[in-house]
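Fit chain Z to the given chain L structure using the hints.
As a plain string of letters, each chain reads:
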Amino acid sequence: MSTKNLPMREALRRALLEEMRRDERVFVMGEEVGLWQGTHRVTRGFIEEFGDKRVKDTPISEMAIGGVAVGAAMAGLRPVAEFMTINFAFLALDAIVNHAAKIHYFFNGMFKVPVVFRAASGWGDQATASHSHTPEPIFAHFTGLYVGCPSNAADAYGMLKTSIRDENPVLFTESIALYAKPGPVPDDEDYLVPVGKGDIKREGKHVSLIAYARGVDWALQAAKELEKDGIEAEVVDLRWLRPLDTELVFESFRKTNRAVIVEESLPMYSFGSELAAQIQEHCFDYMDAPIKRVSSLDVPLPYSKKIELMALPDAAKIVAAVKEIL
Amino acid sequence: MAGPNKETLLDWYRQMVLIRDFEETCYQLYQEKRITGVYLHLYSGHEAIGVAAVANMHIGKDHIITAYRDHGIALALGVDAKPVMAEMMGKSTGTSGGKGGSMHIASKNHNFWGGYAIVGGHLPLAAGIALEAQYNNTGAAVISFIGDGATNNGYFHETLNMAGAWKLPVVWIIENNGYGMGTDIDIAAGNPILHQRALGYGIKDMERVDGQDVFKMYDTVQHAMEHARNGHGSVLIEAITYRYRGHGVSDKQYDTRMADELAEWKANKDPITLLRSKLVERYKNVEHDLSKLEADAKKAVAESVEFAENSPLPDTLEYLMSNIYVGQG
Numbered sequence: 011m012s013t014k015n016l017p018m019r020e021a022l023r024r025a026l027l028e029e030m031r032r033d034e035r036v037f038v039m040g041e042e043v044g045l046w047q048g049t050h051r052v053t054r055g056f057i058e059e060f061g062d063k064r065v066k067d068t069p070i071s072e073m074a075i076g077g078v079a080v081g082a083a084m085a086g087l088r089p090v091a092e093f094m095t096i097n098f099a100f101l102a103l104d105a106i107v108n109h110a111a112k113i114h115y116f117f118n119g120m121f122k123v124p125v126v127f128r129a130a131s132g133w134g135d136q137a138t139a140s141h142s143h144t145p146e147p148i149f150a151h152f153t154g155l156y157v158g159c160p161s162n163a164a165d166a167y168g169m170l171k172t173s174i175r176d177e178n179p180v181l182f183t184e185s186i187a188l189y190a191k192p193g194p195v196p197d198d199e200d201y202l203v204p205v206g207k208g209d210i211k212r213e214g215k216h217v218s219l220i221a222y223a224r225g226v227d228w229a230l231q232a233a234k235e236l237e238k239d240g241i242e243a244e245v246v247d248l249r250w251l252r253p254l255d256t257e258l259v260f261e262s263f264r265k266t267n268r269a270v271i272v273e274e275s276l277p278m279y280s281f282g283s284e285l286a287a288q289i290q291e292h293c294f295d296y297m298d299a300p301i302k303r304v305s306s307l308d309v310p311l312p313y314s315k316k317i318e319l320m321a322l323p324d325a326a327k328i329v330a331a332v333k334e335i336l
Numbered sequence: 007m008a009g010p011n012k013e014t015l016l017d018w019y020r021q022m023v024l025i026r027d028f029e030e031t032c033y034q035l036y037q038e039k040r041i042t043g044v045y046l047h048l049y050s051g052h053e054a055i056g057v058a059a060v061a062n063m064h065i066g067k068d069h070i071i072t073a074y075r076d077h078g079i080a081l082a083l084g085v086d087a088k089p090v091m092a093e094m095m096g097k098s099t100g101t102s103g104g105k106g107g108s109m110h111i112a113s114k115n116h117n118f119w120g121g122y123a124i125v126g127g128h129l130p131l132a133a134g135i136a137l138e139a140q141y142n143n144t145g146a147a148v149i150s151f152i153g154d155g156a157t158n159n160g161y162f163h164e165t166l167n168m169a170g171a172w173k174l175p176v177v178w179i180i181e182n183n184g185y186g187m188g189t190d191i192d193i194a195a196g197n198p199i200l201h202q203r204a205l206g207y208g209i210k211d212m213e214r215v216d217g218q219d220v221f222k223m224y225d226t227v228q229h230a231m232e233h234a235r236n237g238h239g240s241v242l243i244e245a246i247t248y249r250y251r252g253h254g255v256s257d258k259q260y261d262t263r264m265a266d267e268l269a270e271w272k273a274n275k276d277p278i279t280l281l282r283s284k285l286v287e288r289y290k291n292v293e294h295d296l297s298k299l300e301a302d303a304k305k306a307v308a309e310s311v312e313f314a315e316n317s318p319l320p321d322t323l324e325y326l327m328s329n330i331y332v333g334q335g
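So the protein sequences, as listed, match chains L and Z.
When we follow the numbering used here, the leftmost residue of the first sequence carries the number 11, and every step to the right adds one.
When we follow the numbering used here, the leftmost residue of the second sequence carries the number 7, and every step to the right adds one.
Everything labelled a hint here was simulated from the structure, so no lab data went into it.
Some hints here could point you the wrong way.
Unchecked claim - List of simulated lysine-lysine pairs, BS3-like, C-alpha gap at most 27 Å:
(1) L:Lys63 <-> Z:Lys173
(2) Z:Lys12 <-> Z:Lys284
(3) L:Lys315 <-> L:Lys327
(4) L:Lys63 <-> Z:Lys67
(5) Z:Lys67 <-> L:Lys122
(6) Z:Lys12 <-> Z:Lys305
(7) L:Lys63 <-> Z:Lys210
(8) L:Lys234 <-> L:Lys207
(9) L:Lys238 <-> L:Lys191
(10) L:Lys122 <-> Z:Lys114
(11) Z:Lys298 <-> Z:Lys12
(12) Z:Lys114 <-> Z:Lys305
(13) Z:Lys284 <-> Z:Lys272
(14) L:Lys122 <-> Z:Lys272
(15) Z:Lys210 <-> Z:Lys173
(16) L:Lys14 <-> L:Lys207
(17) L:Lys211 <-> L:Lys14
(18) Z:Lys290 <-> Z:Lys258
What the hints assert, rightly or not - Output of the computed footprint for chain Z on chain L, the stretches with three or more beta carbons under 8 Å from beta carbons of chain Z:
(19) 55-69
(20) 77-88
(21) 114-127
Unchecked claim - Computed Cβ-Cβ distance ranges for the label pairs, DEER-style:
(22) Z:Thr144 <-> L:Lys14: 35 to 45 Å
(23) L:Asp135 <-> Z:Lys222: 56 to 66 Å
(24) L:Gly86 <-> Z:Gly208: 23 to 33 Å
(25) Z:Met327 <-> L:Asp295: 47 to 57 Å
(26) Z:Ala273 <-> L:Asp62: 17 to 27 Å
No residue lacks a Cβ here, since even glycine has one placed at the ideal position from N, Cα and C.
The following block holds chain L by itself, in its conformation from the complex (with noise of 0.2 Å):
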């Protein structure tokens, strides 16, 4: 398949620029997302080719942009609503977990709500506790939410392409870490990525290294350094936080026998925690060695910059841990 090397954000771009001219019912709403070309640039040149209904550009209302998505949706648009950072979706976590989710199952499937809500997540550019979030992992814990967390841009491409498809709620988060870094994407506008698929970034037979979106390029990192020691690095990225692809990891781990989980957001009930309880139930027999974990540390995300540095993860982080259960 032919390829054009684009940063993350043109992938995303690309896709949902593509997705609204293949569906009518497709449109994006959010703060900035129009006339300010969007905070991130993900929507620039939008408002120019599809006008003013179908890029809505919202007043600072994350209530309203919630809930106004999931009720189009379920009138039968495809509302794509864009939280600006994950950090202001908290403001709209009701209308995310208790309607978005919730409502197929408790009107027994009466109603579906295809929406996607896009929100950017993490950092570590001083954005300080309140802007640095990665609580993926949080709205991961509500059943009837499928969550999204490309890695790369050829994956952000076909996940967004496959939430907006998809007939189900999905969040949606893109690091900001990652959205100026290029990769391959696919020439094809019904290159769609499997909900719940994972995919093994790297093959290794020493040990796993289990992540997800900013994770996997660390974890990446990480085995590139280990490669020097002779250390072969398998990369798991699970790439959607649910469904979760334990299939996947149970084969990568059942090869390997250790692993060391990777993720940008706090170490309590975690990704991390889920997958390493997961991983013992499952493949108890196959474990060599305790099950690392490295995430940020237990701290708010401070503004200046070498302690903020410090408490997030990195490669060194990565490597240290493989080398503790090697």
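Relative to the frame of chain L, chain Z by itself:
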């Protein structure tokens, strides 16, 4: 304008007595533990508002949505009482197959998008449904009920502001029964004259209406629907009403605490009594029709109870786990 004819008025009466009978039967069944659970919010006292609103809908075209005090809306729309009662009892024959209960009654065929349990949570849903009508230029309007208590949370402010900014075709009807759960609106609101909030959102203020008078309610909603359907955006109505039961039936103090007020409203401002006397005054020999409608309502409700009690409780893991996701079965 000629106003509603005799046949229409008798139909309103039919709906109102059906709702009252249904709700008071639910109350009894709850006391007898034949309806279980903790949440059961009754519409007794509010009947004229729901009936007048529904009377202004083009059923199947316009949309309607409400909070958890939702049984009466379903019945006014013509949803069969049997599956509504079955839902109260958590039966698989219920409108939501026993998964939603009293607070989540809906009917897709009637564009009744449901009852919702988070105070104010359905308001942006109403706006989103209206956005679809505007987007596809269907000419439909959305009726969204709002409890007075919900006017004080963020959903109300954010949604009505957005509805104003986008000229969304919604008729917002505040059912002001004076209490948000047990708290008096005068204590809860900086300005308890709730319709005045329309000014802040750039939506049409249709002021206060006597929510016990089905005629006044009907006229007001009619004007409001015309406004919304004709592309002029949202309308805010404040209907003054009264709740004959506690916030929910588990509220045990209500009857004694509110005894005087309750007696006053029931004696002088009961929506069913008011309509009944209008009908008796206006039409000769209508008593017979009215008595028949009252008996029919009793019969329909009794049949709904029988149906519900004879329906099975869902009891399989497969059923429990179904319809979490679309396409999952």
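ask   = Are three or more residues of the stretch 77-88 of chain L within 8 Å, CB to CB, of chain Z?
value = holds (count 11)
query = Does Lys191 (chain L) lie within 27 Å of Lys238 (chain L) when you go C-alpha to C-alpha?
reply = 24 Å, holds
Given hint Lys122 (chain L) paired with Lys67 (chain Z) - CA-CA distance at most 27 Å = With a Cα-Cα distance of about 19 Å, the restraint between Lys67 (chain Z) and Lys122 (chain L) holds, given a limit of 27 Å.
inquiry  = Can you tell me if the stretch 114-127 of chain L counts as covered by chain Z, using C-beta to C-beta distances under 8 Å and a minimum of three residues?
reply    = With 10 residues closer than 8 Å to chain Z, the stretch 114-127 of chain L meets the three-residue bar; holds.
query = Is it true that the CA of Lys234 (chain L) sits at most 27 Å from the CA of Lys207 (chain L)?
reply = Cα-Cα ~24 Å, so holds.
ask   = Would the pair Lys63 (chain L) and Lys173 (chain Z) pass a check requiring their Cα atoms to be no farther apart than 27 Å?
value = It holds: about 12 Å lies between the C-alpha atoms, which stays within 27 Å.
request  = Compare the distance between the alpha carbons of Lys298 (chain Z) and Lys12 (chain Z) with 27 Å, and conclude whether the hinted pair is satisfied.
outcome  = Within the cut-off at roughly 15 Å; holds.
message = For a C-alpha distance cap of 27 Å, please report whether Lys122 (chain L) and Lys114 (chain Z) respect it.
response = 11 Å, holds
query = Is the hinted range of 23 to 33 Å satisfied by the C-beta distance from Gly86 (chain L) to Gly208 (chain Z)?
reply = 27 Å, holds
message = Can you confirm whether the C-alpha distance between Lys12 (chain Z) and Lys284 (chain Z) stays at or below 27 Å?
response = 11 Å, holds
query = Between Lys210 (chain Z) and Lys173 (chain Z), does the CA-CA distance stay at or below 27 Å?
reply = 10 Å, holds
query = Is the straight-line distance between the alpha-carbon of Lys122 (chain L) and that of Lys272 (chain Z) 27 Å or less?
reply = 41 Å, violated
Checked against the numbered hints above, the structure violates hints 14, 18, 25, 26; every other hint is satisfied.
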